[in-house]
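2 protein chains.
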Amino acid sequence: MTAPAGRAEPDEPDEPDEPVLPDLGRTFPGPFPKSPHAGYAAAETGRWLARFPLLEPAAAEALRDITCRGVAVTYPEADPDGLALAAALFVWFVALDDTHAETAAAADPAAYVRRIAGLLPVLGGGPAGPADDPFGAALADLLARLRERAGPALRHRLAGDLRDTLTATVWEAHVLSDPESVPLAEYLTLRRYTVLAPAAATMAEVLAPDPAGERALESEPARRLREAVCDLAGWLNDLASYRRERRRAAEPLSLPTVLRNARRCSLPEAFAEASRMCEERAAEARALIGELTADPAGPLAGYAARLGAVVHSYAWHIAHARYAG
Amino acid sequence: MTAPAGRAEPDEPDEPDEPVLPDLGRTFPGPFPKSPHAGYAAAETGRWLARFPLLEPAAAEALRDITCRGVAVTYPEADPDGLALAAALFVWFVALDDTHAETAAAADPAAYVRRIAGLLPVLGGGPAGPADDPFGAALADLLARLRERAGPALRHRLAGDLRDTLTATVWEAHVLSDPESVPLAEYLTLRRYTVLAPAAATMAEVLAPDPAGERALESEPARRLREAVCDLAGWLNDLASYRRERRRAAEPLSLPTVLRNARRCSLPEAFAEASRMCEERAAEARALIGELTADPAGPLAGYAARLGAVVHSYAWHIAHARYAG
Numbered sequence: 083m084t085a086p087a088g089r090a091e092p093d094e095p096d097e098p099d100e101p102v103l104p105d106l107g108r109t110f111p112g113p114f115p116k117s118p119h120a121g122y123a124a125a126e127t128g129r130w131l132a133r134f135p136l137l138e139p140a141a142a143e144a145l146r147d148i149t150c151r152g153v154a155v156t157y158p159e160a161d162p163d164g165l166a167l168a169a170a171l172f173v174w175f176v177a178l179d180d181t182h183a184e185t186a187a188a189a190d191p192a193a194y195v196r197r198i199a200g201l202l203p204v205l206g207g208g209p210a211g212p213a214d215d216p217f218g219a220a221l222a223d224l225l226a227r228l229r230e231r232a233g234p235a236l237r238h239r240l241a242g243d244l245r246d247t248l249t250a251t252v253w254e255a256h257v258l259s260d261p262e263s264v265p266l267a268e269y270l271t272l273r274r275y276t277v278l279a280p281a282a283a284t285m286a287e288v289l290a291p292d293p294a295g296e297r298a299l300e301s302e303p304a305r306r307l308r309e310a311v312c313d314l315a316g317w318l319n320d321l322a323s324y325r326r327e328r329r330r331a332a333e334p335l336s337l338p339t340v341l342r343n344a345r346r347c348s349l350p351e352a353f354a355e356a357s358r359m360c361e362e363r364a365a366e367a368r369a370l371i372g373e374l375t376a377d378p379a380g381p382l383a384g385y386a387a388r389l390g391a392v393v394h395s396y397a398w399h400i401a402h403a404r405y406a407g
Numbered sequence: 083m084t085a086p087a088g089r090a091e092p093d094e095p096d097e098p099d100e101p102v103l104p105d106l107g108r109t110f111p112g113p114f115p116k117s118p119h120a121g122y123a124a125a126e127t128g129r130w131l132a133r134f135p136l137l138e139p140a141a142a143e144a145l146r147d148i149t150c151r152g153v154a155v156t157y158p159e160a161d162p163d164g165l166a167l168a169a170a171l172f173v174w175f176v177a178l179d180d181t182h183a184e185t186a187a188a189a190d191p192a193a194y195v196r197r198i199a200g201l202l203p204v205l206g207g208g209p210a211g212p213a214d215d216p217f218g219a220a221l222a223d224l225l226a227r228l229r230e231r232a233g234p235a236l237r238h239r240l241a242g243d244l245r246d247t248l249t250a251t252v253w254e255a256h257v258l259s260d261p262e263s264v265p266l267a268e269y270l271t272l273r274r275y276t277v278l279a280p281a282a283a284t285m286a287e288v289l290a291p292d293p294a295g296e297r298a299l300e301s302e303p304a305r306r307l308r309e310a311v312c313d314l315a316g317w318l319n320d321l322a323s324y325r326r327e328r329r330r331a332a333e334p335l336s337l338p339t340v341l342r343n344a345r346r347c348s349l350p351e352a353f354a355e356a357s358r359m360c361e362e363r364a365a366e367a368r369a370l371i372g373e374l375t376a377d378p379a380g381p382l383a384g385y386a387a388r389l390g391a392v393v394h395s396y397a398w399h400i401a402h403a404r405y406a407g
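Read top to bottom, the protein sequences are chains H and P.
Everything in the first sequence is counted per the numbering used here, starting at 83 for the first residue and increasing by one.
Everything in the second sequence is counted per the numbering used here, starting at 83 for the first residue and increasing by one.
Derived from the structure by calculation, the hints contain no laboratory data.
Mixed in with the good hints, there may be bad ones.
[Stated by the list, open to error] Output of the computed footprint for chain H on chain P, the stretches with three or more beta carbons under 8 angstroms from beta carbons of chain H: (1) 187–196; (2) 202–210; (3) 227–239; (4) 268–276.
[As the list claims (entries may be wrong)] Computed from the model, here is a short list of chain H residues facing chain P with C-beta under 10 angstroms: (5) LEU137; (6) ARG227; (7) ARG239; (8) THR271.
A quick note: this is a predicted structure, and the numbers were derived from the prediction, not measured.
No residue lacks a Cβ here, since even glycine has one placed at the ideal position from N, Cα and C.
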């Protein structure tokens with residue numbers, strides 16, 4: 083944490099800035115299967131980022147590296163080009179989030195809304211907008227590649243997931259500077275969308291040789307598993323990135339701070355509750371995966387196993403340097 | 083226009099508040115076919131509005147009346163329950179727009195963003211949120227009825243259209259009070275989403291016994307026709323509702339005002355240009371419909387004819403009392 087030079091830093095010494103990371107080892111023990119195509123995906127993503135300069139070179143390089151290693155865990159069975167497509171999608175979103183969302187968007191929500199609204203034609207399958215916006219052009223490229231490998235229902239589902247995540251980042255921009263105004267229920271409802279987790283789950287179907295099909299995906303157990311997995315993504319991210327966020331803002335918009343406000347408890351108590359919530363969600367996901375894969379020929383067996391790998395990638399991610407220090 | 087009592091009202095006397103309505107009689111001449119089920123749809127919509135009280139009774143009654151007469155023109159071939167479903171969808175959106183979007187949303191964009199973001203779980207097929215929000219519950223009911231009659235691709239497409247329209251209303255909330263900040267290109271890009279026209283076009287496929295299928299809907303001519311039809315919806319609405327909007331705001335966010343700012347021309351010149359633009363778009367739509375229906379067995383013949391009926395409904399609507407006076 084930075085402190086003004088020469089000034090004592092009281093900073094709530096009874097509320098240490100050390101979140102308690104949950105133990106996922108009992109529900110999702112490693113080692114996790116990994117795709118052998120991470121290197122290929124990284125090379126392709128490098129070429130892609132040269133075509134669509136979403137970030138400055140150093141930041142692009144770091145994001146490409148962590149993303150390609152991550153998707154190798156998320157999609158261990160993907161073919162090489164599918165893995166590269168998934169990597170590009172995550173790079174696109176994280177670059178947008180880092181560059182235009184979060185702090186920048188909270189400083190000028192209207193400008194962020196206009197940027198996101200400008201993507202609507204592309205999200206609907208139209209051509210990219212102004213040539214000077216690499217995000218629109220890159221998204222158009224991603225969706226064109228998606229059209230080549232996914233049927234219409236999955237394509238529309240993924241585009242819907244992207245729209246939802248973008249809307250959730252717009253929501254975040256409007257509440258980021260006033261976390262105390264956000265009730266716990268509202269936070270829990272929306273946090274699951276803000277980390278691209280719904281799209282990550284749908285992408286698992288896009289990359290699967292035997293996707294589950296819409297009837298299965300819309301069923302109640304599939305929805306419950308997806309929600310558990312997406313909640314876990316957001317909450318783990320909140321805990322793992324807390325120290326980093328705390329350097330940016332005295333009061334980050336984050337599960338621990340929202341819990342502290344809702345429960346009127348201390349920050350350490352909120353850390354502990356958030357960590358318990360993650361472990362409970364992980365246990366729910368594990369139980370659902372167990373049920374759905376009990377019959378390997380069941381309609382959701384493949385889907386459940388694939389969402390399990392999505393959880394693996396979180397377990398892998400929270401241990402990684404992106405969130406460290 | 084209201085003026086402070088006892089005060090002279092200069093009000094730009096050289097810029098009369100009288101938009102020039104375009105002549106659609108050459109491209110889309112009446113009389114238009116009408117469904118015989120408008121009465122059934124009105125009765126069903128009345129019961130639906132009793133379950134989901136989206137508006138005060140008098141406003142609900144007026145909206146139900148105009149909407150059910152409108153959808154009878156938009157979907158002349160729809161079965162009775164399909165027509166009632168379409169009517170409920172439009173009632174839902176217009177009620178949301180009148181109650182929470184536009185002026186109310188511009189006064190507090192963050193509150194509107196939070197309301198719209200709260201609909202994400204329902205848009206994704208989940209259950210309705212807090213029981214005290216009839217809009218969420220009504221939307222969940224609409225989407226459940228949709229699931230009973232449309233395949234997954236069309237369902238996801240329609241949900242995507244709804245998301246886009248809601249995002250466009252969020253955009254509108256952020257720029258409504260400062261129309262001069264909106265470049266013409268941005269306005270033209272987004273106006274086509276703000277009147278639910280994309281969903282109206284998709285609903286035509288939902289209600290058709292022989293929908294065109296995704297490959298056809300995603301083709302270039304289908305996209306061009308859809309864009310022409312959706313542009314026309316927004317632009318005609320701007321001209322037909324201008325006097326009403328002008329009573330609400332000295333400078334409405336509207337095609338004529340955006341054109342006036344872009345061209346640095348007078349308001350009458352902007353009215354005339356907007357009207358010409360409508361006629362040109364109508365001519366484009368007519369030409370595309372002609373091409374696509376030339377072979378009645380062509381893959382887009384039915385779609386093109388159905389979008390023609392969507393245009394009929396605009397021609398019918400702009401003549402109607404909702405916009406009068």
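Hint check results:
1. 187–196: holds (count 4)
2. 202–210: Per the Cβ count (6), the hint holds.
3. 227–239: holds (count 6)
4. 268–276: Holds: 4 residues of the stretch 268–276 of chain P have a Cβ under 8 angstroms from chain H.
5. LEU137: violated (25 angstroms)
6. ARG227: violated (15 angstroms)
7. ARG239: holds (5 angstroms)
8. THR271: holds (6 angstroms)
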